[in-house]
Amino acid sequence: GAVVSQHPSWVICKSGTSVKIECRSLDFQATTMFWYRQFPKQSLMLMATSNEGSKATYEQGVEKDKFLINHASLTLSTLTVTSAHPEDSSFYICSVAVGQGGYTFGSGTRLTVV
Amino acid sequence: GENVEQHPSTLSVQEGDSAVIKCTYSDSASNYFPWYKQELGKRPQLIIDIRSNVGEKKDQRIAVTLNKTAKHFSLHITETQPEDSAVYFCAASMGLTGGGNKLTFGTGTQLKVEL
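So the protein lines, in turn, are chains A and B. So for the first sequence, the working numbering puts the first residue at 1; every next one is plus one. So for the second sequence, the working numbering puts the first residue at 1; every next one is plus one.
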């Protein structure tokens, strides 16, 4: 149980375009999802906390107008990278708390902006 | 907010030796401490975790210890094998107090097990 499906697994886009990443909880309801970004050889850094039916909470230094998060249902959260630039190229991964302190992760999305 | 420090950043051991990775955290309210193994381009895989009401936990070759007073916890891998080579992350959260609590990761340790 507690599976999170993330799509796409990889995407290449042109500079200036927008990219949407989806995370879907398959067998449970997720009122909260966490979005992380991981640059090569670095740790996972929390970008924002996605809350179902309300605005996301962004970490300091993360531009909320650039990284749009929508959590319209209890099973789906999306992250849209708007006007992507090469420096946005990274590994994006979502996560959900699954009780007893545990967390489950999506499979991640490798974004390359050219 | 929570801050998790992890050492060493790289660790090279001979096959069969033990490996120890250490982490410290800043928020005394944190109550859940998982350890993850991450292969390149993959999601983190939970290898062991410990909750704040326990001082030590062991699962075959892997053990974790927690010192709440000093706010540090450690991962111990015994009888290391080449397939243990990967990046390991520690993390901390207040996850036991609710699902809305974020997970803060350490900086990671690249473990290399040499033949």
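Heads up, a few of these hints could be off.
[To be verified] Here chain B is said to cover these stretches of chain A; the calculated rule only asks that three of the stretch's residues, wherever they fall, bring their Cβ under 8 Å from a Cβ of chain B:
id : region
1  : 20-27
2  : 90-104
[Stated by the list, open to error] Computed, partial: chain A to chain B, Cβ under 7 Å:
id : residue
3  : Thr32
4  : Ser54
5  : Tyr58
6  : Pro86
7  : Thr112
[Claimed, not checked] When the alpha-carbon atoms are kept at most 25 Å apart in a straight line, the in silico PhoX-like pairs for lysine-lysine are as follows:
id : chain 1 : residue 1 : chain 2 : residue 2
8  : A       : Lys20     : B       : Lys57
9  : B       : Lys42     : B       : Lys71
10 : A       : Lys14     : B       : Lys42
11 : A       : Lys41     : B       : Lys112
12 : A       : Lys66     : A       : Lys14
13 : A       : Lys41     : B       : Lys37
14 : B       : Lys22     : A       : Lys41
15 : B       : Lys42     : A       : Lys41
16 : A       : Lys55     : A       : Lys14
By construction, these hints were calculated from the structure, which means they are not laboratory data. The beta carbon of each residue, even a glycine, is placed where N, CA and C say it ideally should be.
To see whether the hints hold, each was checked on the structure:
no. : hint                  : in the structure
1   : 20-27                 : violated (count 0)
2   : 90-104                : holds (count 11)
3   : Thr32                 : holds (5 Å)
4   : Ser54                 : violated (11 Å)
5   : Tyr58                 : violated (12 Å)
6   : Pro86                 : violated (19 Å)
7   : Thr112                : violated (12 Å)
8   : A/Lys20 with B/Lys57  : violated (40 Å)
9   : B/Lys42 with B/Lys71  : violated (29 Å)
10  : A/Lys14 with B/Lys42  : holds (24 Å)
11  : A/Lys41 with B/Lys112 : holds (15 Å)
12  : A/Lys66 with A/Lys14  : holds (16 Å)
13  : A/Lys41 with B/Lys37  : holds (14 Å)
14  : B/Lys22 with A/Lys41  : holds (19 Å)
15  : B/Lys42 with A/Lys41  : holds (13 Å)
16  : A/Lys55 with A/Lys14  : violated (28 Å)
The structure is inconsistent with the numbered hints 1, 4, 5, 6, 7, 8, 9, 16, although it conforms to all the rest.
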